[in-house]
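Asker: Listed below are the residues making up each chain.
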Amino acid sequence: MKANVIVRLKEAVHDPQGETIGNVLKQVGYGSVAAVRQGKFFELTLEASSKEEALRLAREIASRVLSNPVLEVFEVEVKE
Amino acid sequence: MPRFAVSVFPGSNCEEDVKYALEDVLGEPTDLVWHKETSLEGYDAVILPGGFAHGDYLRPGALARFSPIMDPIREMAEQGKPVIGICNGFQMLQEAGLLEGAMLRNRTLTYICRYVELRVEHGDSPLTATLEEGEVLRIPIGHADGNYFADEETLAALETKGRVLFRYVENVNGAERSIAGIRSERGNVVGLMPHPDRCYEPELGTDDGRKVFESLVAWTKEHA
Chain F
0 MKANVIVRLK
10 EAVHDPQGET
20 IGNVLKQVGY
30 GSVAAVRQGK
40 FFELTLEASS
50 KEEALRLARE
60 IASRVLSNPV
70 LEVFEVEVKE
Chain P
0 MPRFAVSVFP
10 GSNCEEDVKY
20 ALEDVLGEPT
30 DLVWHKETSL
40 EGYDAVILPG
50 GFAHGDYLRP
60 GALARFSPIM
70 DPIREMAEQG
80 KPVIGICNGF
90 QMLQEAGLLE
100 GAMLRNRTLT
110 YICRYVELRV
120 EHGDSPLTAT
130 LEEGEVLRIP
140 IGHADGNYFA
150 DEETLAALET
160 KGRVLFRYVE
170 NVNGAERSIA
180 GIRSERGNVV
190 GLMPHPDRCY
200 EPELGTDDGR
210 KVFESLVAWT
220 KEHA
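Residue numbers (numbering that gives the first Met the number 0), protein chains in the order written: chain F, 0 to 79; chain P, 0 to 223.
These are calculated hints, taken from the structure and not from any lab test.
This structure is a prediction, so every number in the text was calculated from the model and none was measured.
Glycine included, every Cβ here is placed at the ideal spot set by N, Cα and C.
A hint or two may mislead.
Stated by the list, open to error - As a list, the in silico SDA-like pairs of lysine to any residue whose alpha-carbon atoms are at most 20 Å apart:
| no. | chain 1 | residue 1 | chain 2 | residue 2 |
| --- | --- | --- | --- | --- |
| 1 | F | Lys50 | F | Met0 |
| 2 | P | Lys35 | F | Val64 |
| 3 | F | Lys9 | P | Arg113 |
| 4 | F | Lys39 | P | Ala143 |
Stated by the list, open to error - Not the full set, but computed from the structure, chain P residues with beta-carbon under 10 Å of chain F:
| no. | residue |
| --- | --- |
| 5 | Pro9 |
| 6 | Leu97 |
| 7 | Gly100 |
| 8 | Asn105 |
| 9 | Leu108 |
| 10 | Phe148 |
| 11 | Thr159 |
| 12 | Lys160 |
Build the full structure now, drawing on both the sequences and the hints.
Answerer: Next comes the structure, spelled out in C-alpha cells:
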C-alpha cells in the first residue's frame, strides 16, 4: 500500500523559499500567481493489512519523524 | 577532574575542534563518542558538535535525534549535567525536544560563513559562567539554517525567564529577537548557533571562543 504525505509550513511561518519562487514566477510573466508556499512530499510504501492500519501508521510517521510540529503541519492520503 | 564527551554523528565535522579546544587548549580530558554508543557513563558534560549529521536530510538534526546516543544525552540533561549543542548540535537538541524552537532557512537564503558579534545576555550559565552580561564576543557563524523561530508564547517565556543567553548584535540571519543561543528551563542544556570551536586561539582571528569553553569547564567543575 502507498501513503502520500504532504508536509507544509504553518501559515504563521515565513517561507523565504516560496517567496523567492513567487518573485521569479512574476518576473517570467506569471503575474497571476499571488503567492507560493513551498512544502515537502513523501511517498511511503507500506506493509499493512488494511487501509485504516496504513493510515494510522503513516500518520504516526508523519507526526513523529517527517514533520516538525514547531514549524509544520501534514496531510496523509492512503492509496490502495 | 571532569570528563567531557563529544558525540560524533555521520556527517559531524566540528568534533575535532571541540576536542582540541577542551583538551589541547584547556587541558581537560575529552573523548569523541560515536553516535551508536548507548552509554555516557563517567562523563560530566556532553557536547553535540556542528556539521551536517546524516547530511541534514529531512531537516537539520531530524534524523540524528533518533541515534542511540540521544538516550544517554537525554539522561544527562535530566541529571542536570551540561548538554551543549553547537550549530548542528543546537538543531539536534531542538528536534529532540530538549530546547524550544526550530531553525528556519536564513532570511538571505544563503549559507553565511563569517565573524559576527554576539552579546552575552546572562552570566550564570554553562557557556557564560566566566563572562559578564553585556559583554560582546566576536565568534564566527557557518550555517544555512540558523534563523531562530518559535511562536510568540515560547519567545515571551524565554525572555521573561532569562533563557536567551546570546544575541546577534547585527541580526544576520533573520532570527526572532536576534536569538543566537538559549538555555533550558533548568539551565543545563544550552544551544548556540555560532562556533566558539573555530576561534579559541588568537591565530584563528580571535580567542573569544576560548572564553566560552572556559565557562563550560568552570561551570562543569562547580556543578559536577
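Asker: All hints, please: hold or fail.
Answerer: Hint check results:
Of the supplied pair hints, the one linking Lys50 of chain F and Met0 of chain F holds, its CA atoms being roughly 8 Å apart against a limit of 20 Å. Straight-line distance between C-alpha atoms of Lys35 of chain P and Val64 of chain F comes to about 19 Å, which keeps the hinted pair within the 20 Å bound. A threshold of 20 Å between alpha carbons decides the hint, and for Lys9 of chain F with Arg113 of chain P the separation of about 30 Å lies outside it, so the pair is violated. Only pairs whose Cα atoms come within 20 Å are accepted, and Lys39 of chain F paired with Ala143 of chain P is accepted, the gap being roughly 18 Å.
Given hint, Pro9 of chain P at the interface with chain F, is violated; its Cβ is 17 Å from that chain's nearest Cβ, farther than 10 Å. The interface hint given for Leu97 of chain P is violated, since its Cβ lies 13 Å from the closest Cβ of chain F, which is over the 10 Å cut-off. With a least beta-carbon distance of about 6 Å to chain F, the hint placing Gly100 of chain P at the interface is held under the 10 Å criterion. The beta carbon of Asn105 of chain P is positioned within 10 Å of a beta carbon in chain F (closest approach about 8 Å), and the interface hint is therefore held.
Look at Leu108 of chain P: its Cβ gets to within about 5 Å of chain F, closer than 10 Å, so that hint holds up. A hinted interface residue such as Phe148 of chain P counts as satisfied when its beta carbon comes closer than 10 Å to some beta carbon of chain F; here the least separation is about 7 Å, so the hint holds. For Thr159 of chain P, the shortest C-beta to C-beta distance to chain F is roughly 20 Å, which exceeds 10 Å, and the interface hint is violated. Here the hint on Lys160 of chain P is broken, as its CB sits about 18 Å from the closest CB of chain F, past 10 Å.
Violated hints, in rising order: 3, 5, 6, 11 and 12; the structure is consistent with all others.
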